[in-house]
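Visitor: Here is what each chain is made of, one letter per residue.
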Amino acid sequence: ETGVTQSPTHLIKTRGQQVTLRCSSQSGHNTVSWYQQALGQGPQFIFQYYREEENGRGNFPPRFSGLQFPNYSSELNVNALELDDSALYLCASSSIGWPTEAFFGQGTRLTVV
Amino acid sequence: KNEVEQSPQNLTAQEGEFITINCSYSVGISALHWLQQHPGGGIVSLFMLSSGKKKHGRLIATINIQEKHSSLHITASHPRDSAVYICAVSREAAGNKLTFGGGTRVLVKP
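Protein chains in written order, with this note's numbering: chain F, 1 to 113; chain B, 1 to 110.
It is possible that some hints are incorrect.
[What the hints assert, rightly or not] As a list, the in silico SDA-like pairs of lysine to any residue whose alpha-carbon atoms are at most 20 angstroms apart:
hint, chain 1, residue 1, chain 2, residue 2
1, B, Lys55, F, Glu101
2, B, Lys53, F, Thr100
3, B, Lys53, F, Glu101
4, B, Lys54, B, Glu67
5, B, Lys54, B, Ser24
6, B, Lys54, F, Phe103
[Unchecked claim] Chain F regions said to be covered by chain B (calculated; three or more residues, Cβ under 8 angstroms):
hint, segment
7, 49-62
8, 81-94
9, 100-108
Hints listed in this document are in silico derivations from the structure and should not be mistaken for laboratory results.
We put the beta carbon where it would ideally sit given N, CA and C, even for glycine.
Only chain F is shown next, with the shape it has when bound in the complex:
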């Protein structure tokens, strides 16, 4: 058990809809990173939040957006869902020290139909 929890665990949405995924980070961690993992592939970096500010972004369109709250929990929002957005979405929390280990949640499996 890593102490990182994600909700919901599974979700089915229709193309064009919007979705919000949530992540509660491990106590003491002020950095949250989000990753998208398509079936059979390694995770791809979406973005990272540190102290409520975006601190790096991968190659994802603006319809992928996020928030980090004062308690360091985080949300990933995806607008105008496309079929290719179907994937496992993982969040990882860590401290900002270097180097630092990342602790992952169980993931949210999103299916877009």
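Since the structure of chain F is provided, determine the placement of chain B on it from the hints.
Guide: Quick look at chain B alone, frame taken from chain F:
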């Protein structure tokens, strides 16, 4: 070419066999991570290393910074070791962002 390459993609072993998974990377890194992912999806960190070798139980991870190569070894493999093993690298300049390899799917048969 991906920044992080793993081999093999799939591996089947008999219980008790010694397993090796390889990871090569093409960028300068600050740390290399070995992670385990079970069918449920959650990822568990096994090792984080920036030099030398680390051991935890039946798992051993080594890294050669000069050759940009790391290996994960599983000794006396067991069916419960069946999972996807993923190599990832991080760079100080990129914060704690991880760049992942494609994973190695390991199946250990009883």
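Visitor: Mind listing which of the numbered hints don't hold for this structure, in increasing order?
Guide: none
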